[in-house]
Amino acid sequence: MNNDKKIKLTINDKPIEVEEGITILQAAKMLDIDIPTLCYHPLLEPYAACRVCVVERKIGENSDLVTSCNTKVQEGMVIYTDSENATKARRLNVELLMAQAPAAEPVQQIAKELGIEKTRFEIEDPNEKCILCGLCVRTCEQIVGAEAISFIERGKNRTVSPPFGEPSEACIGCTACAYFCPTEAITVEDLYGRKVIHNELNLGPSTAILVPIRQAVPMVPVIDEEACIHFKTGECKICEKVCEKEAINYEMEDEEIEIEVGSIILASGFKPFDATRIPAYGYGRLNNVITGLEFERLNNASGPTDGKILLANGEEPKAVGIVHCVGSRDKNYNEYCSRVCCMYSLKFAHLIKEKTNAEIYDFYIDMRCFGKGYEEFYHRLLEEGTKFIRGCVSEVTDLALTEQEEGKLIIHVEDTLLGIVRRIPVDMVILATGLEPGLDQNEIAKIFNISCSQDTFFLERHPKLAPVSTFSDGIFLAGTCQSPKDIPDTVAQAGAAASEALALADKGTFELEPITAEIDEELCAGCQLCIGLCPFTAITYNKEKGISEINDALCKGCGTCVSACPSGASQQKHFRDSQIFAEIEGIFIE
Amino acid sequence: MANEAFEPKLVGFLCNWCSYTGADLAGTARMTYAPNIRIIRVMCSGRVDPQFVLKAFIEGADGVLISGCHPGDCHYQEGNYNALRRHRLLSKMLEQFGIERERFRLEWVSAAEGVKFQQICDEFTEQIKKLGPLNLNGGKDEHREA
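Chains as they are written, first to last, in the working numbering: chain A, 1 to 590; chain B, 1001 to 1146.
Don't take each hint at face value.
Covered by chain A, according to a simulated footprint, are these stretches of chain B (three or more residues, beta-carbon under 8 Å) [what the hints assert, rightly or not]:
#1 1005 to 1019
#2 1035 to 1047
#3 1056 to 1070
#4 1073 to 1085
For lysine to any residue, the following SDA-like pairs were computed, each having C-alpha atoms within a straight-line distance of at most 25 Å [as the list claims (entries may be wrong)]:
#5 K573(A) x L1054(B)
#6 K446(A) x E1078(B)
#7 K331(A) x E1078(B)
#8 K1116(B) x I209(A)
#9 K1116(B) x A466(A)
#10 K408(A) x T397(A)
#11 K446(A) x T1032(B)
#12 K1116(B) x D577(A)
#13 K1116(B) x G438(A)
#14 K446(A) x Q1077(B)
#15 K1129(B) x I589(A)
#16 K1055(B) x I589(A)
#17 K1055(B) x K408(A)
#18 K573(A) x T1032(B)
#19 K464(A) x K1009(B)
#20 K1055(B) x T397(A)
#21 K573(A) x R1038(B)
#22 K1092(B) x D520(A)
#23 K1116(B) x I589(A)
#24 K1055(B) x L523(A)
#25 K1129(B) x K464(A)
#26 K1092(B) x K8(A)
#27 K1055(B) x C481(A)
#28 K331(A) x A1112(B)
#29 K1116(B) x Q571(A)
#30 K1009(B) x A466(A)
#31 K464(A) x E1078(B)
#32 K446(A) x Q1096(B)
#33 K1116(B) x D455(A)
Keep in mind that the hints were calculated from the coordinates and are not lab data.
Idealized CB from N, CA, C, for every residue including glycine.
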């Protein structure tokens, strides 16, 4: 295409000079002339299927009708977009589309703009939405590169389908066809083929190119290789086409960077308890049973409902149940208390009270309001009218026994204060899921040569005297990787860890362990047995003297060489053979 | 019978990083276990010289325990593997001296396993009680009878 060559034409008597190779539709857009379209999309090859974009082309005294989306401009062209002939043709085409797909919203919209009330033609299926524009087929072929769907049959039987009308292996499930469909004839729900629990609560990434979290640093989008169509079929590249700054780079790869540091603070966090592990609570199975984190998202002003607390059907709940200790304080899951759930549950109760008129039931085992101002907050909730029921919830079900329970979620619980079993119907159940150690906790522990306690949270050097240190020098702990804790405690511990690390750096000198091994030159026979045993290569052989020598800076003081030394030349300070022998003798003094 | 009143004397060599901390945990958690074991702290199970074990038996121990970090968890990377090898060799040697294999144990106890340490102590004590006192000098060691 020669972009330098200019072409002059007039559209609706307005003259314009444009580059060669563009279409009438694009030229009209430059003049702000609106031509209705249905099957056109700027990222796809024009197809001229809907024929709504039809315009009149004057050639001297004569004229003809052309589709503006795929007709290229020519020198001296005279185009009328809403002349009598063009409008008449367009109206006819729209009327035909109305008969083909009466349920298609955009067709009705254009008909309304053109003043068409009813189609003259016979309607076969009043629920039909597909206008056979081929956008989906072109998307699958040109953008996705999967070619999983195409037109089948001819004439009035023409329809869009994968081969043989069966789910196709070529389909990668990207849902791009549904996204491009102008009339919602293809919907995402159909394509997923699975039950969507809470339509609004899509907590995962919504697109393949995304800013991972709202607080991301640096605040730039990344491509999710798992979800990106380009990495599946090699096509698409839409983001590259639309990015004006040309910032998209598909070649970029994960990098491993090595940084030399003096100390390391581990703050690898926790994993929320997976509520599907307790099937009796119905999470993932029953509508409107959500976890604490999902409620946070629902309640967030930038969340899916703009911060309104709504059920899956879009209505406001009339009664909400909050179940404490989900996955905590339970021998079947985790024995420990997750510490944060009681308080966040109280916060939820307060927020729901503030935003809705719902009755709130809090099901607790014990209220653990241990922090500053926490107990006071609990009392405030009591005064606000939140109903606290002491007892462990045994089941959440949608099987109604009475008319009152119809269409509700029923919480089955033993009220241990009243000593009775109760069934409480609610609209929404929030599971206060606890904190669990991260999935790769043991691997991290191995990398840093530290230990995990029984619950696989990282073990501190001493629970009282060294709560941020570990058994490895220079490795410190902060936050929930060490134990479940709330934000104030985490901030406090992180501050302590940072100052411990700073204290090491600030000193400028490093204290060696006093327990290193030393070799008695007089006794060493130079057998070099110790050299092979030292895991830190701290021992070298001095050829001149014919003895082994220990580098104090490298020796960590394990004493392996000492116990192997056949002549007793190698001795560990504070753990000398003679000292340990004396200890053994001491044990047996009656 | 003399055996009923027999309280074995056990010596435990515990590595500083895992087993000693594990034993400490058993203590801070107020777990009760047989009081027969006397603990000697070494930095690593790899520090345990076979001489220490022999010395303990000579001094009158009825059983000796070496306990270190689980394989792969050694604070000094591989000290516990050295302890494992030495334990194998020394067990063979002890048998030739007439010291039963059961009297010399090697265990892996991590810093989190206070319960395991408790169980090992109880079990080991029970086992040695069944074996009876170690009579290194053919039962002629008179001060032990007292």
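Structure-based check of all given hints:
Judged by the Cβ-Cβ criterion of 8 Å, the region 1005 to 1019 of chain B is covered by chain A as claimed, because 4 of its residues qualify and three suffice. Only residues whose C-beta sits within less than 8 Å of a C-beta in chain A count toward coverage, and the region 1035 to 1047 of chain B has 7 of them, enough to reach three; the restraint holds. Here the region 1056 to 1070 of chain B counts 4 residues with a CB under 8 Å from a CB of chain A, which clears the bar of 3, and the coverage holds. Using a Cβ-Cβ cut-off of 8 Å, 7 residues of the region 1073 to 1085 of chain B lie near chain A, which meets the minimum of three, so the contact claim holds.
This hinted pair checks out: K573(A) and L1054(B) have alpha carbons roughly 22 Å apart, not beyond 25 Å. A C-alpha spacing of about 13 Å is found between K446(A) and E1078(B), which places the hinted pair at or below 25 Å, so the restraint holds. Taking the CA atoms of K331(A) and E1078(B), the gap is about 35 Å. The hint is violated against a cut of 25 Å. Distance hint between K1116(B) and I209(A) is unfulfilled; the C-alpha atoms sit about 50 Å from each other, more than 25 Å.
With a C-alpha separation of about 24 Å, the suggested pair K1116(B) and A466(A) falls inside the 25 Å cut-off, and the hint holds. The hinted pair formed by K408(A) and T397(A) meets the criterion: a straight-line CA distance of about 9 Å does not exceed 25 Å. At most 25 Å may separate the alpha-carbon atoms for a hinted pair to count; K446(A) and T1032(B) exceed this at roughly 31 Å. For the suggested pair K1116(B) and D577(A), the alpha carbons sit about 29 Å apart, so the restraint of at most 25 Å is broken.
Between K1116(B) and G438(A) the CA atoms are separated by roughly 24 Å; this keeps the pair inside 25 Å, and the hint holds. For the hint pairing K446(A) with Q1077(B), the CA-to-CA distance comes to about 10 Å; that is within 25 Å, so the pair holds. For the given pair, K1129(B) sits about 21 Å from I589(A) by alpha-carbon distance, which is consistent with the 25 Å threshold. Note on K1055(B) and I589(A): the hinted pairing holds, with a Cα-Cα distance of about 14 Å set against a maximum of 25 Å.
A distance of roughly 75 Å separates the Cα atoms of K1055(B) and K408(A); the hinted pair therefore is violated under the 25 Å criterion. Proximity of K573(A) to T1032(B) is assessed by CA-CA distance (about 33 Å); at most 25 Å being required, the pair is judged violated. A C-alpha spacing of about 33 Å is found between K464(A) and K1009(B), which places the hinted pair above 25 Å, so the restraint is violated. Taking the CA atoms of K1055(B) and T397(A), the gap is about 68 Å. The hint is violated against a cut of 25 Å.
For the hint linking K573(A) to R1038(B), the alpha-carbon distance of about 22 Å falls within 25 Å, and the restraint holds. Distance restraint check for K1092(B) and D520(A): the Cα-Cα separation of roughly 31 Å exceeds the 25 Å cut-off, and the hinted pair is therefore not satisfied. About 29 Å separates the Cα atoms of K1116(B) and I589(A), which puts this hinted pair outside 25 Å; it is violated. With a C-alpha separation of about 22 Å, the suggested pairing of K1055(B) with L523(A) holds against the 25 Å cut-off.
About 38 Å separates the Cα atoms of K1129(B) and K464(A), which puts this hinted pair outside 25 Å; it is violated. Simply put, K1092(B) and K8(A) have alpha-carbon atoms about 103 Å apart, too far for the 25 Å limit, and the pair is violated. With a CA separation close to 43 Å, the supplied pair K1055(B) and C481(A) exceeds the 25 Å bound. Straight-line distance between C-alpha atoms of K331(A) and A1112(B) comes to about 18 Å, which keeps the hinted pair within the 25 Å bound.
For the hint linking K1116(B) to Q571(A), the alpha-carbon distance of about 32 Å lies beyond 25 Å, and the restraint is violated. Note on K1009(B) and A466(A): the hinted pairing is violated, with a Cα-Cα distance of about 34 Å set against a maximum of 25 Å. Between K464(A) and E1078(B) the alpha-carbon distance is near 30 Å, which puts this suggested pair outside the 25 Å criterion. This hinted pair does not check out: K446(A) and Q1096(B) have alpha carbons roughly 39 Å apart, beyond 25 Å.
The suggested pairing of K1116(B) with D455(A) holds, with an alpha-carbon distance near 14 Å, which does not exceed 25 Å.
Hints 7, 8, 11, 12, 17, 18, 19, 20, 22, 23, 25, 26, 27, 29, 30, 31 and 32, counting from the list given before, are not met by this structure.
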